[in-house]
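K.L.:
Between the sequences and the hints, there should be enough to build the whole structure, so can you do that?
Order-wise, the sequence lines are chains A and E. Under my numbering, the first residue of the first sequence is numbered 1, with each subsequent residue one higher. Under my numbering, the first residue of the second sequence is numbered 1, with each subsequent residue one higher.
Quick caveat, the hints were computed from the structure, so don't treat them as lab data. A quick note: this is a predicted structure, and the numbers were derived from the prediction, not measured. Everything hinted at is true.
With a Cα cut of at most 30 Å, we get these calculated BS3-like pairs of lysine-lysine: (1) Lys6(A) - Lys176(A); (2) Lys110(A) - Lys294(E); (3) Lys110(A) - Lys202(A); (4) Lys176(A) - Lys202(A); (5) Lys174(E) - Lys294(E); (6) Lys177(E) - Lys294(E); (7) Lys177(E) - Lys110(A); (8) Lys176(A) - Lys7(A); (9) Lys202(A) - Lys294(E).
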Amino acid sequence: MADTNKKTLLLSTVLFIALLVVPAILPRFYTYIIASIFVTALLAMSLNLVVGYGGLYQFHHCAFYGVSAYTVALLITKAHVPYWVAFGAGPIAGAIVGYLIGWFCVRLSKLYFGMLQISLGSLIWALAFRWYSLTGGDDGIHGIPVPDFISSTKSSYYFILIVLTISLILMYIIIKSPFGTTLQATRDNPERCEAVGINVRKHQLVALVISTFFAGVSGVLYVILEQSVFPDLLFWVLSLEVFIMCLLGGWFTFAGPIIGAAMMVSLRTFVGVYTEYWTLVLGVLLILLIFFLPEGIMGFFLEKFGAKAPTEDHGGQH
Amino acid sequence: MEAAHAVTFAALGSHLLVGLSRAMILFIVSSGLSFVLGVLRVPNVAHGSLYMIGAFSAYTVFTAVGGQTGFWLALVLAPLVVAAVSFVAERSLFCRLYEREHLMLLLFTFALMLILDDLVKIIWGADYRSIMAPDYFKGSVNIFGSSFPKYNLFLLAAGPVVAVGLWLFTNRTKIGKIARAAAVDREMVGAVGINVSWVFAFAFVLGCFLAGLGGALVAPTVSITLGMDHDIIIEAFLIVTIGGLGNMWGAMVGSLIFGITQSFGVLLWPQFAIVFPYAAVVIVLLARPTGLLKSVW
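P.N.:
So, in structure tokens, the structure goes:
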């Protein structure tokens, strides 16, 4: 076990150093794509915190990501507050909205949780979509100024990489903490948890707030990278896509969603170059995955090459 | 003063009728979704795509045949095309997943949505299309002192016809009863020697048929285009949820709530009309978390 951990740590460090060197070698376009994968990966990771570890049907995760991105965009372009205030306000806004929506949602179970969240999230989307005078409607807001030192592709890449790394470490600590293990227990057996005196709803709500906070961080990074926001960030299709990324990469593994996000973004970019029918390719690929790699890509590799089988991660759930 | 009052009354009346006819389309689509949810327990994400295929197929049949015959033929053939597509998808791939983890089924319908959406793009392209209802559905009639499109009256009749047909089917025919039984207790249905896999196939195809029928019926009133699936699918999901999962009459109640709040929203606050139905869903779910009518789950 300790051996595996050492290997993982070594691998992560090597990967991190490799990613530090990447912008120096690769053309600007690829740097941008990798940065865009980072942003999406953080979003998917934050979702997996509640989906994979909490077992909640978080169907409209992008609502929080979009709220944060819009908060940053509006604070900078309309209120002209200092950048750092805006960047800090984004995740906090995401977490506040996460708390408000979550407070209602955790009262319901499974699919109803997801459906209530979709309708509440769609309310936010509808507001952003229709409130032309504030949000620019479906045009969104473009040309959002960001501080000089992160305005180029390369510098924003480094900034995003650092924030992503810190966020991942924090998430890892949270998952391994007593709170994280209790959360997983509430996923696997809520009745028993309730019986031994764990407040299941409270744990779910806290997890949701943490998760939406990180979704908010991802929203801030999105604004830094793209310097624009538009209502599609809040649309349920994106939420579904991110949900699929978690399933695709392997939602019972820590790094799975990153693989899922990388796959989705690169498919869209590189298959998109050759054909406009990239979603067709994605659909076919998904079906192949469902039939041949049911544990997700990461789950498959863990099973094949890792010491720890992914099934052990969620053992005892039945 | 009196005139203003009359205008308001007329506006209310016509918005109510518009809302009701919209609700009928929503009902036809969401009852199909609800049926699949009830029997297979799968939220079929591709349902909206099948609705879109229904509308595009109706367009193709209509332009090939033309005129009044074309319209009625489109209404009959388009849902059958959709049913055929769903039958192939179900028997070739989907049916192999019934024993697997539930989220895999959701993932599959998502993949199906991606594939179908691009197939629509390949076959019909990204242009806006439209079809025309026969002459006797054109123009409007005066109801409550305001004009109301005749075609919407046709929709108002079509909704209840589908509802009664579906009710008769699920309550009066053997296969319908088996499907309902499978919704409640699939192990028991299997245990008495019925091939559950075929019951599922049947329920899936029937649900998708209704999506296609909704698409064909809505075709003369909207521009048929890519992306028309995105709105309807989320609306149908919400309707099914507030109505009670798998409950056909729940789908009707949910559709009425959704359609009417939408059209009154247009009257009250046009810019944010889109917000009203979502808010209504939130209120319903908070008051009755498991839907208004009894869920089969």
